[in-house]
Amino acid sequence: MSNWHYMVMIILLVLLVWLLWKEVRRPLKARLPWRMLATMLALVALGGLTWPVVSEQLSETSRLQITKTPAMPHVEACYWPQETTAGNTWTVEGRFDNRHGKPITLYLDAFGEHLDSLELPAGEQRPFTLKGVPKHTGRAVYTILGIAAGDTIVQEPLPVNIQSPLPLTILLLSGAPDPEHRFLADWLGENGYKAVIRNKVSRDKYAFRYINLSPVSLETLTGSNLQPFDIVISNAGACSAAERNLLALQLEKGKTGWIVREDSAGPHPRALRLKTEQTADSWPSLLLDAAAALRMHPDELPLMKDSLGRVYAATTLKGQGMLLRTQVHNTYTWRLQGYTNDYDKLWTQLLQTVAPAKTPAATVRFLTDKAMADHPLHIQLLTVVPVPQQPAAAPSPTQVTTTPVPQLLLNGDPLPLQQLPDRPAIWNTTCWPRKSGWQAFTTADGVCWKYIFRHEDWKSMTDKTIPITTRKGPPVSAAAIPPGYWAILLLACCFFLWIERKL
Amino acid sequence: MGKSVIRDIRRRWVRNSLTGALMAGLSAGVVAYCACLRWQFSGWWVVAAFIIIFTVAILNSRYWQVKDDTVVRYLDQTFPSLEDSTGLLLHPPANLLETLQQEKISAAIHQLQYPRTFYKSLWSGGMWMGIALIISLLLLYWPVQQQQTGNRKDIDTTTSTPPPGISRVKVRITPPAYTRRPAREQQQLHITAEDSSLLQWELHTTGAVQPPVLLLNDSIRLPLQQGKDPHTFILQYTLRRSGFYQLLINNKPSEYYQLQMTPDLPPVIRIVSPAPYTVIEYGQAPRVNIKAHFTDDYGISDALIAATIASGSGEAVRFREQQLTFDQAFHRQMTADATKTLQLGKLGMQPGDELYFHIAVTDTRHQQTRSDVMIISLPDTAQLLSLEGLANSVNFKPEYFRSQRQIIIDAEQLLREKDTLPLNVFKNRSNNLGIDQKLLRLRYGKFLGEEAETNIGDPRAAEAAEHDHDHDHDHGHEEAETHEFGNAEKIMDQYAHKHDNAEDATFLEPAIKAQLKATLTEMWNAELRLRVYKPQEALPYAYKALRLLKDLQQQSRVYVAKTGVKTTPLKPEKRLTGELDKIMPATRRQQVTGDDENLPARTALALLSQLKDTVPPAAREAFAAAARLLATHAASSPARYLPALDALRRIQMQLDAKKRIAIPDIQAAASGLQHLLASPRPLPAARKALPDNSLQQLYFIHLQQKRVP
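So the sequences go chain by chain: L and C.
Start counting at 1 in the first sequence, then tack on 75, and there's your number in this note's numbering.
Start counting at 1 in the second sequence, then tack on 390, and there's your number in this note's numbering.
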């Protein structure tokens, strides 16, 4: 029952009282009860005629929604990484359906500050991308806001967990004193990384610089003294043939990444602007010799090119490791020119490309996209299983049974785990989180956080088929008697009253 | 019969007024409905508006007072044709006269043309409907103002609650005298005042308390002095920088209050003329007009020109400094235009001297601003006229033209003789000089590839002239020509007009070409003045052209001598064979703490957002670090960061007291921190692999074994 229904009722009642009063006040009192009955019936018929009209008007929108998708502007799909490293650009992407709304502005809101915004025109369904660099470290919930003509139409949470970067240890080998290495080592030290520069000064003589590391002997590289290093950067003539073989072996095993800086900058350097292939980043100009650009091997993937498509940095997958050959020199001049942000970005990109992945003791993988309170959450726990050095012809039955059951705790309570029969490292479980918000899943590797959504979050994405306003709308039941009958009754009553007056 | 006619009219009258009332009610309803749509009111307001306006309109119309008598009176007054006897229709006729009159009138009453006033209520109802329509359209389609949705709140400086225990607060702000602003008093504890204002707090306490203390920027304690009665405390403080403060009453800190300083900015100078580097050519009036515009926020007290004259050259250069005042006086006005005309001759400037000057403006706070240095140069023309540079050149071709120097000398000679010459001779000579100038210009124009209308300076033209003179003697030449007979190209050369001759457009550097072009422009100008018999005006251009030409000459003389390098030859067999046992290269060890100093604040930001649900264990330390960071920034810009600091302090207190934390506090603190922190820099990080890589590793081992059989 809406306001309009009440209004129809009141108008009819007022009309009834007035008409009855008129009938009673008529000097001729003949057939008074019949007249009053006819008046009442006429008004009932009028009510019967108008009632469905009002109901129909109200339920029109909800009926439309049953046949179509919801008419309200809403986010149709949305994806964002729930975990990222500090300093990285965080991107929220999705599609917005604004076919039946006003022009809307989407905001990416962090602690009351708009990180990004986007205007979406009315009558369209289009993808959107919002970007920002989160400033916090740890867990927080950002918001996506959709505002049209002052009204907040969309407001959904975007949980994100920002982690501090995992540290790297880097070994820089130079055949001759190299300003590039020197500036790179300074930069690494400033940012708390561990690094060593080995500088060849004469035959078998090296100068060392240890940054945030205690001195270890690195005159000749061996498998053991290379152990702590994640990445090796070497330039021309920096290491002997034996050392190169050792590095290639380490690279194949996936223990270290290797950046090979090819021979000097060439005799005719000129200012060139490079572009990164994947991210379409464009950098300030560098003094490079176009003649010294890399000759590509068939298994290499270009990373940085100039405007003519000559390649200056390329990657190859060698075994389990990544080799990066680069002809990008003189980047230290950016630091001197004040392009520190570009310097940070370039070396972050190069180092991250070759950095070997670190294997944690256990990883939790959530199989349910939108985890909700009081809903099942499917989880996979991945653990480390020792690899047999020799591929066994047939696994012995004892080997499988000896795998110890790992632990997975939700807020301190252990969860029952089921091992996959054919994959001994994978364990499955399902839990029912009771509360919304951040929940801690503790494994042997540490705590892993998962955001549990409330029921009302992201309704538009999950309940696509359920119309939004049918919950409010009244059931359409007044149409049980066809309006034609009401009209006949009304006409009959009016006819009687008219004839009665004429008699 | 007649009575029914009157009744009809009455009914129409009543119907009109009721319809008018209904229209007014409906228009109110429509407006209310549109307002409902716009501001989402309840639908009952529509009904209420309709009923109220309808009732008012009905009451206003008083239709129940319209009786037959009223209608009769109206008809009698309005229509003369009814002869004032409509009333007769209401009653049966008493006599024959009345019967006759009744018949007459009932005939007339049917043909009445009712005036507009009869439909007045309908008209007004229609008018209301129109107005309602316009208002509804406006309500529906007037753009809704975009509301600010961010949580960023500007600080409301108008309201501040005094701390408990204080009944009344009075803050007296006395701006420094030079600002010429009156002292003012306020009841608020948030203070915005001019630089160096004297602030006086007067606190009235409710009961006996210890003397309150004002804690400035969380560091300086300023105790308040007792005033005239034991409940009044006074403190005076001169505002030097922005910050924030708290009041400690019985050692209980109040909330934070802003102390915002409006700085007095130094004056701003804008020089309209002259240009930063001005050259006054010989012949131009040695005069410089200085025009400048000054602005300051409280007033300009003084402005002067500091001029330095440099004369002489080389080691014998001398400097002379002079201070000059503007023509205007300054009476502490906020904006001022100043002018000054420098007579360079009176300043003792000779050709070759340069004048450097800057303008210094002092404001009422004795803050001085200095402008950039402007240079005015009087070039020395004497050197240009010396033959020194040309004396050692040899092999001059017989010239058709005078040099630029010659043109200047001749022009000056002409000016000297002007009084003694007849006018037509003067004009003729001036014109001839103009022609000379033209020839010179054409000659130099050739270097730029310009084409001349005559072949002046062309060797072929010279050759032809020579040929005419030597016709009889030079037979060998003729023989040679006969050989050339039938050479089509040679004949073509004589008559054709050649374009794209590489020799015409010389291979000059762009800079030299530009200067050459500038020279030609000056020559054009000089020629123009000479041709219109104004050699005096031509002189500055001629001098400038000469100076530019000299510069060109000097430039072309710069060269770098080639020198050979001889090094001792290397012996490759001896390289890298030295004894290096005792050489120990340097080993450096460095320990750099490269942590982001804002990391605790970044963590605090994340923890703040979790406070709504739980209290994280590390919250206290992180919040303390964040509060320190906020406090340092709040001291410099309290308007931006003080509310965040205040909110964070409240959160800390509530954490200590284990009370519920208010959501607005969390929002304010987080917003301040978010605004304060810079985005973290991108840094390389190790990736995390999935632990279950046994399959990949097995695959890899298999591959290795296949590759190395």
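Rather than coming from a laboratory, the hints here were simulated on the basis of the structure.
Do not rely on the hints blindly, as some may be mistaken.
Simulated DEER-style distance windows between Cβ atoms [stated by the list, open to error]: (1) Thr227(L) x Pro643(C): 35 to 45 angstroms; (2) Thr227(L) x Leu449(C): 12 to 22 angstroms; (3) Leu578(L) x Lys457(C): 43 to 53 angstroms; (4) Ser663(C) x Thr204(L): 45 to 55 angstroms; (5) Gly984(C) x Thr354(L): 19 to 29 angstroms.
On a predicted model such as this, the values are computed, not experimentally measured, just so you know.
Just so it is clear, CB atoms sit at the ideal spot from N, CA and C, and this is done for glycine as well.
Status of the given 43 to 53 angstroms range, CB of lysine 457(C) versus CB of leucine 578(L):
violated (32 angstroms)
Given the hint of 12 to 22 angstroms, check if threonine 227(L) and leucine 449(C) actually sit that far apart at their C-beta atoms.
violated (45 angstroms)
Given the range 45 to 55 angstroms, decide if the beta-carbon distance of serine 663(C) to threonine 204(L) lies inside it.
holds (53 angstroms)
Threonine 227(L) and proline 643(C), beta-carbon distance inside 35 to 45 angstroms?
holds (38 angstroms)
Glycine 984(C) paired with threonine 354(L), Cβ distance criterion 19 to 29 angstroms:
holds (25 angstroms)
Violated hints, listed in ascending order, are 2, 3; each of the other numbered hints is respected by the structure.
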